[in-house]
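Undergrad: Each chain, written out:
Number of protein chains: 2
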Amino acid sequence: MESSGNQQLIFAQGPQAPEAYFTGTAWIKLLVPAHDQLNVMINNVVFEPGARNNWHTHPGGQILLATDGVGCYQERGKPVQVLHKGDVVQILPDVEHWHGASAEAAFTHIAINTNTDRGIVEWLAPVTDEEYKTTH
Amino acid sequence: MESSGNQQLIFAQGPQAPEAYFTGTAWIKLLVPAHDQLNVMINNVVFEPGARNNWHTHPGGQILLATDGVGCYQERGKPVQVLHKGDVVQILPDVEHWHGASAEAAFTHIAINTNTDRGIVEWLAPVTDEEYKTTH
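Residue numbers (UniProt numbering), protein chains in the order written: chain A, 1 to 136; chain B, 1 to 136.
Treat the hints loosely; a few may be bogus.
Note that identical chains are pooled: a pair holds if it fits in a single copy or bridges any two copies.
[Claimed, not checked] 30 Å max Cα-Cα, derived DSSO-like pairs, lysine-lysine:
#1 Lys29 / Lys133
#2 Lys85 / Lys29
#3 Lys78 / Lys133
#4 Lys133 / Lys85
#5 Lys29 / Lys78
The hints are simulated quantities; they were obtained by calculation from the structure and are not laboratory data.
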């Protein structure tokens, strides 16, 4: 099985993601800070197996580009989508969701926050082990 | 040397880029069409060695994420920047520029057009062999 150790790193691994908003270990590399003129922010995120972020929304929306490993994406009330390299997820503004790695494999995605003039993220409750397990 | 044949393809290779706006062969895969709510458009572009697009501008700006190979980026009146995997280029609205592969190696980048409600691209003259040669 894959682990974060053999993810194909396109971008340097960033610092560890804040524990308050993540379950398990992830690393976030800021590629483009929220930009006044371009109106986007871009991060590269690596999740170890089982790691995921809390439920959250983006006031301006977000796009995920899966670049390595096996990941999960779920919108509130919908089934989990399993993500592989090359998959693209469009997240509309204010849609409650979470994303992260699968239980057995690490996952890497580029996250493009759109319309950052409206805000970046609103964090909600963690994805419990029970919620996460139902995805596998 | 690298060729397009051994680029690490994260995304499926798209159709060939239009000859009117490119010198040499490139392939463009549309990942996210210009989106009303997210206000961005995303493409993955593979350039064979020596291939480049015409001089052009983006009314809303663009961000390039270099993912494989060796590329070039130049803004009018500035030196060429050589791009490698992991490099990020922020292109402000209306800045005249071109990008493409180096002469000896293929190049792949993700291109994120920002503020697409202002337009996508304004094409200008080709980058002549003389202009291109001065970059190497």
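Undergrad: Each hint should be assessed against the structure and marked as holding or not.
TA: Structure-based check of all given hints:
1. Lys29 / Lys133: Intra 27 Å, inter 35 Å, cutoff 30 Å: intra-copy only.
2. Lys85 / Lys29: both (18 Å within a copy, 15 Å between copies)
3. Lys78 / Lys133: Answer is within; shortest intra-copy Cα gap is 15 Å, inter-copy 54 Å.
4. Lys133 / Lys85: This pair counts as within: shortest intra-copy Cα distance 22 Å, inter-copy 36 Å.
5. Lys29 / Lys78: For Lys29 and Lys78, the Cα distance is within 30 Å both inside one copy (29 Å) and across copies (28 Å).
Checked against the numbered hints listed earlier, the structure breaks none of them; every hint is satisfied.
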